[in-house]
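Generate the whole structure from the sequences, applying the supplied hints.
Chains as they are written, first to last, in this note's numbering: chain A, 1 to 146; chain B, 147 to 527.
Quick caveat, the hints were computed from the structure, so don't treat them as lab data.
Heads up, a few of these hints could be off.
Lysine-lysine pairs mimicking PhoX-like chemistry, simulated, CA-CA at most 25 Å apart [what the hints assert, rightly or not]:
1. B:Lys297 x A:Lys124
2. B:Lys364 x A:Lys51
3. A:Lys129 x B:Lys270
4. A:Lys14 x B:Lys270
5. A:Lys68 x B:Lys297
6. A:Lys68 x A:Lys124
7. A:Lys131 x B:Lys297
8. B:Lys270 x A:Lys21
9. B:Lys297 x A:Lys114
10. B:Lys526 x B:Lys364
11. A:Lys109 x B:Lys526
12. A:Lys51 x A:Lys37
13. A:Lys51 x B:Lys407
14. B:Lys270 x A:Lys62
15. B:Lys270 x A:Lys8
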Amino acid sequence: MSAAGAVKPEPTTKGVVPFLKIPKDGQPYLAGSKCTKCGEVVVGSRNTCGKCGAREGVEAVKLGTTGKLYNFTIVHRNFPGVPVPFISAIVDIDGGGTLKGNLLGVDPKPEAIKFDMPVNIVIKPVPQKDKEGNSYLSYFFEPQSS
Amino acid sequence: MANDVYVVGTDMIKFGRFPERTVPELGAQAALMALDDCGLTIQDMQAVYSGNLYEASGGVGQRILREIGQTGVPVVNVANACATGATAFREGWMAIKAGVYDIVLCVGTEQMGAGLLGGGGGGKGIPTEGLLGSGTMPSVFAHVGLEHTRKYGTTFEQFAKVSVKNHHHSTLNPKAMYQKETPLEEVMGAEMISYPNTKLMCSVNVDGSAAAVLCSEKKAKELGLMGRAVRVRSSALTSDPYTSRNIAMMDFNAVTRLAAKTAYEMAGLGPDDVDLIELHDCFATAEIVHYENLGIAKEGEAGSLIDSGATALGGRIPVNVSGGLLSKGHPLGATGIANIYEVTTHLRGEAGNRQVEGAKIGLTHVVGAGSACAVHILEKA
Ligand SMILES: CC(C)(COP(=O)(O)OP(=O)(O)OC[C@H]1O[C@@H](n2cnc3c(N)ncnc32)[C@H](O)[C@@H]1OP(=O)(O)O)[C@@H](O)C(=O)NCCC(=O)NCCS
Ligand SMILES: [Zn+2]
Chain A
1 MSAAGAVKPE PTTKGVVPFL KIPKDGQPYL AGSKCTKCGE VVVGSRNTCG
51 KCGAREGVEA VKLGTTGKLY NFTIVHRNFP GVPVPFISAI VDIDGGGTLK
101 GNLLGVDPKP EAIKFDMPVN IVIKPVPQKD KEGNSYLSYF FEPQSS
Chain B
147 MANDVYVVGT DMIKFGRFPE RTVPELGAQA ALMALDDCGL TIQDMQAVYS
197 GNLYEASGGV GQRILREIGQ TGVPVVNVAN ACATGATAFR EGWMAIKAGV
247 YDIVLCVGTE QMGAGLLGGG GGGKGIPTEG LLGSGTMPSV FAHVGLEHTR
297 KYGTTFEQFA KVSVKNHHHS TLNPKAMYQK ETPLEEVMGA EMISYPNTKL
347 MCSVNVDGSA AAVLCSEKKA KELGLMGRAV RVRSSALTSD PYTSRNIAMM
397 DFNAVTRLAA KTAYEMAGLG PDDVDLIELH DCFATAEIVH YENLGIAKEG
447 EAGSLIDSGA TALGGRIPVN VSGGLLSKGH PLGATGIANI YEVTTHLRGE
497 AGNRQVEGAK IGLTHVVGAG SACAVHILEK A
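As structure tokens, this is what we get:
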């Protein structure tokens, strides 16, 4: 291979999942799809609708930035290197779609966590880098009223 | 009916840890035990259906035949999450139902390491486990349990009681990995893995194998095997139907309900007709939700069902008298056939100390992440 072909790409900032989009100009956001036939909104991009099978009219949408805590667990044992305890949360996004992610800013104790509590879905940088030195943005849940 | 399919031979090895043995050796042992159970040999089998997950591309079925006799018959290797063994069984059932074969061997085998399974991420980018919540299996099934808590107020203690019950059952099953009582305080006080699942509320990873010989009615009569034969009243396999939270939070309910409905309809039976159940208690939380999914508790009443003792041996509808995955162990690809072995043994009246008295109809259930669910209903012939 020629020297020119071996140039390494400059490290950049990426979304931790494909549906976390970082536009060149504008705020990072979570991308979803909406089926214009049945109305279902899902996280991530789709060509066809998993609910009704429609092959046309599935549109790319920006997902909401707030939601409600549907469910959780408090993780006390995990793989080496993963700090515990943490709250694994299931959040129904206002406007449609459901996400799993970490709930921050709440004591990791069952009595401190309330079903249906309103949360903000925030996007921020994480310290981890990949092998190529790329940085990442991830999404988190934070309680709304504090 | 003339095209009914029967289990004529079945057995399982004692589940445990056998790192010095190979997967084909484990599978071969159960296969020979099942053949011995009906007094037949590998030369009598017209096809082999082999379930294994961890060596799914490794031709486990063919390698089992190298241990017990390479007769040249068709071998089908099956992988279908925790429904792997049950899927292999069902493939055998279908082939006989279709009239292609009269008698086949189904075997499920797994060899596992200890420790957590599942977990998000890996591959591209950075690991997402602990960053985007948790995808370990104890966490996934903690979410399953707490959804029930959210809806109906089911308590940590009610989930824990499942583990107490199933560990108690296993003290009567010499083939279970463990035979030890785990009192409620011990279960609730054990290391918390993912709330509300403590370590003793997680199934134990083991090595194991189980096998079954399936046979058409004509052939079973010809061979004089109807005496201990158990009829397969129905076999249902489902994948997860669309539900809106399924991607973020795996839904094991809809897939199980669909399989249960299909199986009950095929058998022309309902939950009240069933005398015992072996269901997929991969975690204590799972058993609770499956009481409702399989129709033995009304919506929201699974918590009071475990409280009532109805699902313990001697109760109205004993569940997991083998000790279940929680204490018998859960060798992924073997579990679905081990369930069939357990129920068959009761229907034959051969379950010894843990016999469910007068059992005529039994149900087996497995469900795996991804998702795949299998339900079989068996009846004393
Ligand atoms: C809970 C879990 C993380 C514990 O794993 P581990 O690191 O291997 O366990 P530890 O070394 O901490 O403790 C092991 C001891 O705990 C006890 N123990 C663990 N699980 C037990 C159970 N279900 N019943 C009784 N005792 C148990 C035993 O004394 C065991 O000792 P042994 O291995 O010598 O018999 C692991 O068993 C697990 O993840 N289970 C779930 C498996 C799974 O996800 N299956 C697929 C489901 S769909
Ligand atoms: Zn649609």
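Unmet hints by their number, sorted upward, for this structure: 1, 2, 7 and 11
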